[in-house]
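Q: What follows is the residue order along each chain.
4 protein chains.
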Amino acid sequence: MAIADIVIKNGTIVTSEITYQADVAIQGERIVAIGENLSGAREIDATGKLVTPGAIDVHVHLEMPIGDFVSADSFFTGTQAAAIGGTTAIVDFVETQADETMLTALTARRQKATQAVIDYGFHMTICPTDIGKLDQLPAVYQAGCTSFKLYMAYGLRLDDGQLLQALEAVRNVGGMPVVHAENWEVITSMIQRNLSAGRIEPRWHPRSRPDIMEGEAAGRVIDIATLVGTPLYIFHVSCAEVVARIAKARQDGLPIYGETCPQYLFLTDTAYDETGVQGALPVCSPPLRTPTDQAYLWEALGQNNLQVVSTDHCPFTRAEKATGLQDYSRIPGGVPSIEMRFPALYTFGVKSGHFSVNRWVDICCTTPARLFGFHRKGHIAVGYDADVVIFDPDREVTLSTDTLHEDVDWTPYDGLVMTGWPLMTFSRGEMIVEEGRFVGQPGRGWFVQRRLG
Amino acid sequence: MAIADIVIKNGTIVTSEITYQADVAIQGERIVAIGENLSGAREIDATGKLVTPGAIDVHVHLEMPIGDFVSADSFFTGTQAAAIGGTTAIVDFVETQADETMLTALTARRQKATQAVIDYGFHMTICPTDIGKLDQLPAVYQAGCTSFKLYMAYGLRLDDGQLLQALEAVRNVGGMPVVHAENWEVITSMIQRNLSAGRIEPRWHPRSRPDIMEGEAAGRVIDIATLVGTPLYIFHVSCAEVVARIAKARQDGLPIYGETCPQYLFLTDTAYDETGVQGALPVCSPPLRTPTDQAYLWEALGQNNLQVVSTDHCPFTRAEKATGLQDYSRIPGGVPSIEMRFPALYTFGVKSGHFSVNRWVDICCTTPARLFGFHRKGHIAVGYDADVVIFDPDREVTLSTDTLHEDVDWTPYDGLVMTGWPLMTFSRGEMIVEEGRFVGQPGRGWFVQRRLG
Amino acid sequence: MAIADIVIKNGTIVTSEITYQADVAIQGERIVAIGENLSGAREIDATGKLVTPGAIDVHVHLEMPIGDFVSADSFFTGTQAAAIGGTTAIVDFVETQADETMLTALTARRQKATQAVIDYGFHMTICPTDIGKLDQLPAVYQAGCTSFKLYMAYGLRLDDGQLLQALEAVRNVGGMPVVHAENWEVITSMIQRNLSAGRIEPRWHPRSRPDIMEGEAAGRVIDIATLVGTPLYIFHVSCAEVVARIAKARQDGLPIYGETCPQYLFLTDTAYDETGVQGALPVCSPPLRTPTDQAYLWEALGQNNLQVVSTDHCPFTRAEKATGLQDYSRIPGGVPSIEMRFPALYTFGVKSGHFSVNRWVDICCTTPARLFGFHRKGHIAVGYDADVVIFDPDREVTLSTDTLHEDVDWTPYDGLVMTGWPLMTFSRGEMIVEEGRFVGQPGRGWFVQRRLG
Amino acid sequence: MAIADIVIKNGTIVTSEITYQADVAIQGERIVAIGENLSGAREIDATGKLVTPGAIDVHVHLEMPIGDFVSADSFFTGTQAAAIGGTTAIVDFVETQADETMLTALTARRQKATQAVIDYGFHMTICPTDIGKLDQLPAVYQAGCTSFKLYMAYGLRLDDGQLLQALEAVRNVGGMPVVHAENWEVITSMIQRNLSAGRIEPRWHPRSRPDIMEGEAAGRVIDIATLVGTPLYIFHVSCAEVVARIAKARQDGLPIYGETCPQYLFLTDTAYDETGVQGALPVCSPPLRTPTDQAYLWEALGQNNLQVVSTDHCPFTRAEKATGLQDYSRIPGGVPSIEMRFPALYTFGVKSGHFSVNRWVDICCTTPARLFGFHRKGHIAVGYDADVVIFDPDREVTLSTDTLHEDVDWTPYDGLVMTGWPLMTFSRGEMIVEEGRFVGQPGRGWFVQRRLG
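Residue numbers (the numbering used here), protein chains in the order written: chain A, 1 to 453; chain B, 1 to 453; chain C, 1 to 453; chain D, 1 to 453.
Possibly wrong hints are sitting among the right ones.
As the list claims (entries may be wrong) - Below are the SDA-like pairs computed for lysine to any residue, each with C-alpha atoms no more than 25 Å apart in a straight line:
#1 D/9 - A/112
#2 C/248 - D/292
#3 C/351 - B/128
#4 B/248 - A/229
#5 B/351 - B/20
#6 D/248 - B/193
#7 A/351 - A/325
#8 B/9 - C/351
Stated by the list, open to error - Only part of the chain B face toward chain A is listed, based on derived beta-carbon distances under 7 Å:
#9 132
#10 134
#11 223
Everything labelled a hint here was simulated from the structure, so no lab data went into it.
Quick caveat, the model's predicted, so the values are computed rather than measured.
Yeah, the Cβ is synthetic: ideal placement off N, Cα and C, and Gly gets one too.
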């Protein structure tokens with residue numbers, strides 16, 4: 001074996017399964033050896049540190065036009081923040097206009113991402129106007145999009161017949177459908193009633209989107225997926241009602257998966273009771289829920305009834321949020337968390353005893369890689385991309401807009417103290433974060449040709 | 001106590017709970033005494049016979065315009081057949097046109113029923129165009145309609161937001177919502193695909209309405225009812241998928257009820273494989289299912305996971321059925337069973353050992369009376385309407401269009417042998433069926449002012 | 001019809017199913033008519049009162065030798081108190097000595113009961129020494145004992161192999177096995193350890209009999225009963241752990257039944273923390289549990305996951321209780337409640353909204369009669385024994401040793417206020433309680449030839 | 001890095017999680033590197049072969065005295081056969097006599113094992129006579145026995161109070177209790193009855209040990225373990241009744257684990273219907289079950305409701321088996337499978353589509369290592385023991401006493417064709433099997449100091 005470019009020495013390797021001591025040798029972009037006493041042109045001492053796979057965030061919205069606004073983080077600022085937090089790959093979204101093909105839309109969206117600093121992919125959204133274009137799915141899958149976003153809410157909502165057709169088409173290409181599950185008809189009915197009655201403040205947001213109607217929608221799409229015979233991945237599970245339905249399906253042997261997000265693990269719906277823009281900031285959908293729901297989500301992560309934590313990172317500025325103060329349904333939805341997810345799950349998942357350090361890696365790195373076709377990421381193993389984090393389990397970081405690098409003027413986690421933070425992040429063999437500072441180049445990230453199975 | 005008009009002597013009284021020997025005294029329209037050695041102006045010997053409450057059929061369609069056709073039985077012929085089969089009260093349906101009030105529609109529908117020979121009520125259908133008229137529900141309830149029909153399928157389909165509003169309005173008047181639960185969007189998508197592919201025969205009917213999509217719809221409306229906080233009654237449960245959801249809800253303590261119908265207990269989906277009109281005759285929705293589903297339905301009746309058997313009696317002629325042979329989705333849906341239900345449940349429910357004779361009375365008489373506000377029917381008890389059946393447990397009747405009195409030129413039960421059949425039927429103290437012949441007058445039936453609680 | 005001896009006029013008849021107005025005519029020992037405007041030699045006005053079946057208590061221990069003591073109430077005092085509380089039939093226990101036959105033991109025990117003022121039966125206990133006598137069961141059943149008591153605890157404990165044999169023998173005669181379910185080996189191990197460690201006070205009693213070990217034993221005997229193919233009735237269910245197992249079995253379609261008792265519905269385990277004899281008084285087995293368990297028990301009664309409330313009435317005096325203050329395991333176990341059960345379930349079951357007035361009658365009268373072969377009791381119906389209670393739903397009674405008639409110097413319910421109390425109790429046509437005073441004769445009660453099916 | 005002793009080149013590494021191409025370098029007894037293009041003093045080409053961890057069999061009985069017999073395989077012959085089948089570590093059993101200490105017994109048993117050719121450990125059996133010696137458990141754990149065998153059947157049966165104490169003691173040392181769960185009292189009662197009735201043939205064996213009584217015992221010990229707060233591992237799960245109870249417990253979040261064995265996956269209870277010794281050969285306990293149970297077991301392995309497949313290897317000769325032909329309860333129980341387990345699970349688990357190749361490694365290698373404290377085995381990872389199998393996925397082997405190396409004159413798998421078989425087995429860096437032949441030395445196996453957590 002030739003001398004490696006880089007060897008990370010004396011660290012504690014943490015995979016989704018085991019924890020052990022060994023050196024990691026990187027040559028070019030890949031891990032080429034794991035062993036004892038490895039030598040490299042550059043040797044980095046990781047004594048007392050954890051060496052983990054780079055985290056993967058399969059649910060982000062960067063530079064995403066939503067209504068009148070565009071989500072605040074660019075592909076550059078967003079991926080930079082992600083990298084500092086230990087994330088080395090993301091999946092964002094493409095939406096196809098009625099008069100273009102999916103591949104055209106993908107190409108256009110890829111253009112937007114050229115300044116990304118870590119690797120990325122896109123979920124192809126299947127809009128109602130795409131139902132006539134389902135024969136394009138094989139080409140989309142071939143182009144590296146293995147996952148397909150289906151909305152049960154908002155203007156992009158598919159009705160159940162369209163869901164059926166979309167799920168069949170995704171099944172036929174062997175892809176993974178991902179779904180936003182809420183009962184849109186009930187929600188719009190409740191919003192309309194609230195607004196008509198002058199109930200316009202943010203605290204009416206959660207009261208318009210009951211947990212059981214998120215559960216209902218999840219149950220419904222699970223039923224349709226069962227009819228079709230396809231796996232299914234449910235986005236941003238916020239409450240016990242959905243967990244129960246996923247758990248039941250899995251117990252029945254069905255390939256159903258669910259993710260939750262930091263906002264549902266760390267925040268609760270009393271946040272909407274704040275006055276002024278403060279109550280508007282944490283508006284996201286599904287909404288924040290109760291402490292009881294939180295407890296269920298943590299337990300579900302430990303018991304594998306939820307499989308992944310991603311972020312649904314979709315920041316809007318305070319000013320943008322404030323535009324909805326006269327009508328909560330017009331507040332642009334979404335919160336930032338692209339940077340804090342991986343360390344936050346360590347601090348509050350592992351150190352608080354909800355799950356093991358291996359389960360942490362599984363939730364944040366290995367399982368998202370596997371479900372979403374990053375076949376060379378998500379592991380510390382020979383032949384895999386050298387997407388590696390050297391994680392300092394003792395480093396203390398207090399979250400604030402000062403310490404975070406997201407391009408938005410607020411954070412819902414202000415003052416939250418992390419115990420454990422990435423020291424270095426490697427992306428395909430290149431150290432791009434060092435001591436918490438981004439040291440890479442804009443645009444070094446690549447579009448990943450994902451594939452499943 | 002004065003001498004009663006009629007005393008049924010020496011019979012075996014069967015209630016939903018107990019079986020015992022006693023005489024039943026009738027004065028005018030009511031039962032005035034149950035006792036030993038009672039005397040009456042007319043004494044009828046019921047030695048060796050069962051004395052049961054008149055059966056109640058809460059799901060019939062008489063003279064019902066559906067598409068281009070009208071269901072074959074008139075209120076006269078339909079109720080006459082019902083009475084011969086031991087049924088003394090029915091609930092039919094009212095639908096309100098966009099430009100009329102519900103009360104107007106009720107009045108008009110009541111006009112249609114003037115020739116009925118037994119008592120009747122109407123479920124008030126809440127059509128999409130009625131969502132703006134929900135403030136009329138208190139008046140409708142006051143007018144004696146305690147139950148409200150909600151469609152999740154067909155042109156009258158309410159979307160989920162409308163369902164929410166309708167269920168809330170029904171809850172507010174203390175009424176009982178009854179629902180046709182199927183996932184219409186999925187079904188129409190499947191029908192369209194089948195027709196486009198030239199799959200037009202009746203055997204594609206069940207293949208367009210999968211059991212799991214009936215289960216899904218039932219689960220969905222249970223969820224919405226739970227959100228609203230209302231009881232709910234699910235019509236014509238055809239399969240295990242729905243039973244499972246009702247059973248789960250009841251186990252959670254929710255007031256959810258379900259009925260099945262003879263067609264689902266006695267027929268299976270292989271019936272659609274017949275060629276020509278024969279395969280079209282049993283088209284109904286939900287469709288006939290598998291023998292396994294049948295087994296679940298019988299078991300659910302025994303275990304109180306289903307509470308009622310009604311008929312969904314809605315006959316169309318062979319000629320009418322044949323009009324859909326080039327497009328199964330245009331076959332008018334529905335089968336006749338208004339006459340055979342009560343004895344058939346005795347023969348195949350009680351004698352076959354699925355449940356006790358008391359459970360038979362509960363399923364066919366007592367529970368439908370209780371859930372649908374026939375507060376003076378459904379029991380053999382003092383003060384109740386003298387709706388009474390003298391049932392001969394040994395009488396053998398072979399079903400056919402000759403032996404049945406329904407006004408339609410076919411029956412799905414041709415050749416089925418009943419062991420047990422009503423000898424006499426009393427409606428409000430009047431003997432209207434004697435030895436299997438109708439001996440009453442057209443139009444003697446009354447509209448019942450139903451009330452709950 | 002001849003003029004009846006007694007007519008209870010104008011009352012509101014409450015059965016397990018319906019509530020209605022009618023007169024009840026009694027001739028000799030039986031109900032001979034229910035009707036309007038009945039006349040009798042004696043007419044009793046029950047306007048504004050409930051007319052219910054006499055309550056049945058299928059679990060009492062009168063004059064029962066247990067260890068060094070005999071339970072405090074004699075058959076006279078115990079049944080007198082029962083009658084005042086509206087109970088008109090009880091089931092007590094027989095135990096057979098090693099050297100006698102079951103019938104001999106039954107005869108002897110019947111001798112003890114000659115002063116009873118209401119009707120009675122006996123569960124035949126199957127002791128370990130009776131395993132060789134199982135061929136006597138047909139004779140015992142013929143002699144009117146349709147139920148058989150099996151202990152999984154105490155000296156009379158059957159091991160699981162003996163349980164199997166006993167259950168088979170009971171199945172073969174068509175009887176009902178009733179079981180005390182606790183894991184005796186675990187309990188004795190825990191008691192021994194506590195005593196060895198000097199933990200001798202009553203508060204160690206519940207800590208020696210964990211709820212999950214009551215659940216385990218219930219689950220075990222349900223499994224053995226399932227293997228054998230027999231129904232099963234579980235005594236004195238105290239906790240959610242047992243309810244869950246019964247509910248699961250019933251959901252699986254198994255004929256498993258459970259009762260709870262007033263002590264588990266009204267008292268909790270903090271009672272054992274009292275000092276001195278006060279903490280010893282409520283010692284019973286299974287022990288009192290937590291408020292959460294209480295909530296489950298009430299809910300289970302409402303949902304029919306428990307079917308009966310009986311008392312396990314087994315009073316010991318304060319002095320007798322005090323003998324175990326140096327060793328909680330020697331405190332004679334049992335509490336009194338034979339008098340208060342029926343009204344207490346009305347006040348705290350019906351008025352508090354846990355269940356309907358009909359369910360109250362079902363739980364206290366109708367279902368115990370049905371399960372235990374009182375084929376002429378438990379209903380207000382023609383031909384049934386005239387065991388009738390005229391219940392004043394407004395009468396207020398504050399429980400205390402002064403107001404109660406049990407022959408024991410304490411009550412666990414001191415100060416508990418009943419709203420609703422029996423005004424008159426009839427036993428086989430004879431008014432034996434009038435305005436809360438016993439007006440019958442000692443010894444008027446009869447041994448009942450019970451039969452099932 | 002120095003030149004390694006051995007490098008396995010170009011193989012496909014299969015772990016419990018991923019499958020990838022890399023070379024494995026072995027230095028001395030350990031894996032020192034995994035990488036690309038590694039060089040070693042000896043290089044072995046594994047192109048087209050799978051490189052897996054050595055399999056671990058946590059349930060074997062070698063040279064085990066049972067009644068009048070000793071199980072047929074010695075530690076030499078048994079471990080040799082194991083090694084040829086790809087197994088590199090086993091766990092056998094120690095039993096302590098009443099008059100000796102556990103450590104003495106362990107020492108004596110270790111003496112028996114000196115000829116073993118692979119590494120081994122022992123479960124310390126806690127016999128009834130050991131209940132007084134539970135204070136020896138810390139020393140036993142320190143001596144490397146992290147697991148403790150508890151019998152609910154046979155002469156070594158602990159009653160439930162003893163189970164409680166034993167489980168508490170195991171919990172206190174942080175060990176893993178393993179349990180034989182059957183209801184012994186019911187079984188002995190049924191055996192006795194069968195023998196008394198002259199039902200002596202092997203086919204009465206399964207009829208004496210009903211599946212629900214295995215389920216009951218599993219449920220019982222799960223309940224006691226839950227009370228105690230300890231993990232629990234259930235041996236030789238044979239049927240759906242036990243799977244259901246484990247699945248329920250795991251769904252409730254309890255740390256309950258179960259194994260099944262090849263006999264339950266490949267054989268069914270009709271085997272006992274054979275005449276003569278043929279019907280006696282497959283006698284083992286729990287007995288073989290139905291094809292339906294088999295289907296549940298395979299499904300449970302795929303869904304992680306069972307975690308491990310071990311063998312319960314315990315061979316007796318045809319002559320020994322024949323001694324029980326006049327009394328099936330005296331047939332020495334046990335079947336051989338120590339050699340075929342790992343390849344059989346590949347052929348019928350992976351190739352038949354029940355689970356993935358990674359799940360195969362998990363079930364046979366990784367999870368048993370983790371649960372039983374082989375902290376340096378069960379993985380292909382740096383620093384772990386070089387217990388490695390080069391597995392030829394295409395090699396066909398037909399099982400027979402000729403092809404197998406177990407020291408017993410029959411196999412229940414005669415004629416079964418394996419597709420896939422180990423080519424080479426390495427134990428701590430030493431190649432001990434080459435081309436299906438054992439090439440190591442007797443006695444080279446070591447007792448393993450196991451530790452958990």
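Q: Now tell me, hint by hint, if it's right for this structure.
A: Hints versus structure:
1. D/9 - A/112: violated, 44 Å
2. C/248 - D/292: The given pair, whose Cα atoms are some 22 Å apart, holds under the 25 Å limit.
3. C/351 - B/128: violated, 41 Å
4. B/248 - A/229: Roughly 24 Å separates the two Cα atoms, so the pair holds.
5. B/351 - B/20: holds, 19 Å
6. D/248 - B/193: violated, 42 Å
7. A/351 - A/325: At roughly 38 Å apart (the allowed maximum being 25 Å), residue 325 of chain A and residue 351 of chain A break the hint.
8. B/9 - C/351: violated, 40 Å
9. 132: It is violated, given that the least Cβ distance between residue 132 of chain B and chain A is near 13 Å, above 7 Å.
10. 134: violated, 12 Å
11. 223: It holds, given that the least Cβ distance between residue 223 of chain B and chain A is near 4 Å, below 7 Å.
Hints 1, 3, 6, 7, 8, 9 and 10, counting from the list given before, are not met by this structure.
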